[in-house]
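Peer 1: Now for the letters of each chain:
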Amino acid sequence: MKIIVCIKQVPDTSGKVAVNEDGTLNRASMPVITNHDDKSAVEAGLRLKDKYGCRVVVVTMGPAAAESMLRDMLAMGADEAYLISDRAFGGSDTFATSQIVAAGVSRIGVDPDDIILCGRQAIDGDTAQVGPQIAEKLDLPQITYAGDIAVEDGVVTVRRMLEDGYMTVKAHTPCLITCIKELNPPRYASIAGIMECYSKPVTVLTYEDLKDEPLIEPDTIGLKGSPTNIAKSFTPPLKGEGVMLEGADKNTVADLVARLGAKHIL
Amino acid sequence: MDFRLTKEQQMLRQMFREFAQNEIKPLAAEVDEEERFPWETVKKLGELGMLGAYFPKEYGGGGADVIAYAMLVEEIGKVCGTTSIIVSSHTSLCCAPIYEFGTEEQRRRYLPDLLTGRRVGAFGLTEPSAGTDASSLETAAVLDGDHYILNGSKIFITNGGAASTYVIFAMTDKSRGHRGISAFIVERDFPGFSIGREEKKMGIRGSSTAELVMTDCIVPKENLLGREGQGFKIALHTLDGGRIGVASQALGLGEGAIDEAIAYTKERVQFGKRISQFQWTQFQLADMATKMQAAQYLVYAAADAKQNGLDYSLQAAMAKLFASEAASDVTRRCVQLFGGYGFTREYPVERMMRDAKITEIYEGTSEAQRMVIAKYLGVN
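Residue numbers (the numbering used here), protein chains in the order written: chain B, 1 to 266; chain X, 1001 to 1380.
Extracted from the complex, chain B is given alone in its bound form (with noise of 0.2 Å):
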């Protein structure tokens, strides 16, 4: 068994977020994070890895300063990385990524025992549609939203965190499962793992490695091959200051109705 984790560097929105004045996200000028659903896709990996022994694999798709992304995680204690770049590949949308990332996983190779991970959705498109149409190009079941994560003799059983409740859906491997940050917190890399991750192997795969790739077709992919325009870009308006009331007693209650009469929700 191993498991791939396909995760992404993105913006740190956390801070100050820079704008351009067309309205898209300056990336340059931010500093960059590994995506938060992504860490804990990982560190999904690596428990199963604790438990069962299996090898973890992370790929990622970008620039070759990504490299940095996949030595983190390496040294968390995955154990090999492979960064998809190429300029071939650069201004994807999500339909172009997912077919390149895909085609990647697809060279790595998926075992029948596999499990293929990803975040739910990043922090700077927040589509959660690149986990999905992974699963679609490469036909395997998938399981979105997880916030357990369970394996037994080949079968996977999922937690899905849904808004208004849970659902608890099994499959069989290889499939993939897109995780939410609330599915653990990510271990701290260690002096020993950190020490070790310029030892483990990073693998470039570029446009001429992944070119005869069933998955590949040269005109979907890259900007010109992504099917998304972005029509309008805009920083929505800042909503007001909350207010918080405390107290589990009749003035406290008396006082919300109050509030809530006064803007005629009640």
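Hints in this document: simulated from the structure, not taken from any laboratory. Please read these numbers as outputs of a predicted model, since none were measured by experiment. Mixed in with the good hints, there may be bad ones.
[Unchecked claim] Here are a few chain B residues that face chain X, going by a calculated C-beta distance under 8 Å:
no.: 1; residue: A75
no.: 2; residue: S190
no.: 3; residue: A192
no.: 4; residue: Y198
no.: 5; residue: V202
[Stated by the list, open to error] List of simulated lysine-lysine pairs, DSS-like, C-alpha gap at most 30 Å:
no.: 6; chain 1: B; residue 1: K181; chain 2: X; residue 2: K1025
no.: 7; chain 1: X; residue 1: K1007; chain 2: B; residue 2: K200
no.: 8; chain 1: B; residue 1: K239; chain 2: X; residue 2: K1273
no.: 9; chain 1: B; residue 1: K16; chain 2: X; residue 2: K1057
no.: 10; chain 1: X; residue 1: K1273; chain 2: B; residue 2: K16
no.: 11; chain 1: B; residue 1: K51; chain 2: X; residue 2: K1057
no.: 12; chain 1: X; residue 1: K1273; chain 2: B; residue 2: K49
no.: 13; chain 1: B; residue 1: K181; chain 2: X; residue 2: K1043
no.: 14; chain 1: B; residue 1: K49; chain 2: X; residue 2: K1044
no.: 15; chain 1: X; residue 1: K1043; chain 2: B; residue 2: K51
no.: 16; chain 1: X; residue 1: K1273; chain 2: B; residue 2: K181
no.: 17; chain 1: X; residue 1: K1266; chain 2: B; residue 2: K239
Using N, Cα and C, we set each Cβ at its ideal position, and we do this for glycine too.
Fit chain X to the supplied structure of chain B, relying on the hints for placement.
Peer 2: Frame of chain B; chain X shown alone:
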């Protein structure tokens, strides 16, 4: 001369910083207030290799270098003086002498548990009558068949009440003065060993500073560290390394106080301006940052010398002297920038100021560092 950190060192610093900010900082005020040894943090530190950062992996260490270790103590020191000295004492004063002077059997027996945090280590040299004058030890060790019998007591032992492995110094031949001192690895549960009074302190209040009492304490002969009579040399060599740890702690305390002061002065408004807009504030912080940067260079240079097997005694003394006095000065000035709020426990700078003072005293006072430096200058 290369001032750049390696890729691994940069990753380590980032990890140390995240760990310190997320896991240690939230507990810092509490462990100080309650004078509580942060066991939960020690466990996590051990699991991540931070209680054996620069020792080889074959003994359970992290396999990093001494600069990485200095950065570790520095990053922890930025948020918690207590936790930084726990790491420094354990590593520099207990693990290091066992690794550097121990037999292969002693290394294999003690280091795996120490370096992974299953055991905490401490160093017992100081006695009521033997402080800076360490050669006046009164604790005696007498060989009796296959074991030594130790009698005496040690005071001000950092990690004393928390440790279970100690490097203890005792006289095996009083007639030879400091050449009659020997070092021993003593376990907490050896017969005749007990923990005495815990000190109530001004700073680093979550760390354990305790008295160790040995009454006919039986120590197996194979626990002699180095040779008989080699103890004073082991102690001085170990303290040289310890000074890198304390200098790193002081460095972190000063830098941490500056971080807090920058954040505060950018928020605090007086006379219609953020106080960071006043040039006096800017000049104060610029001077403080420059001082701590100079301290960092001294500390890293000493760490680099130790890593490369060079004589680092002078550099460690200079680093400790400068960093500890800088930390005391900078933390005090940061309290002043906070005004009345800085004097309250609502903000961490008063704790940092209290924590900084001890760095001028333990593991060789500032005066002792000046003695070492003057000796190197040939001034006698």
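Peer 1: Can you give the numbers of the hints that this structure goes against, from lowest to highest?
Peer 2: Hints 5, 9, 12, 16 not satisfied by this model.
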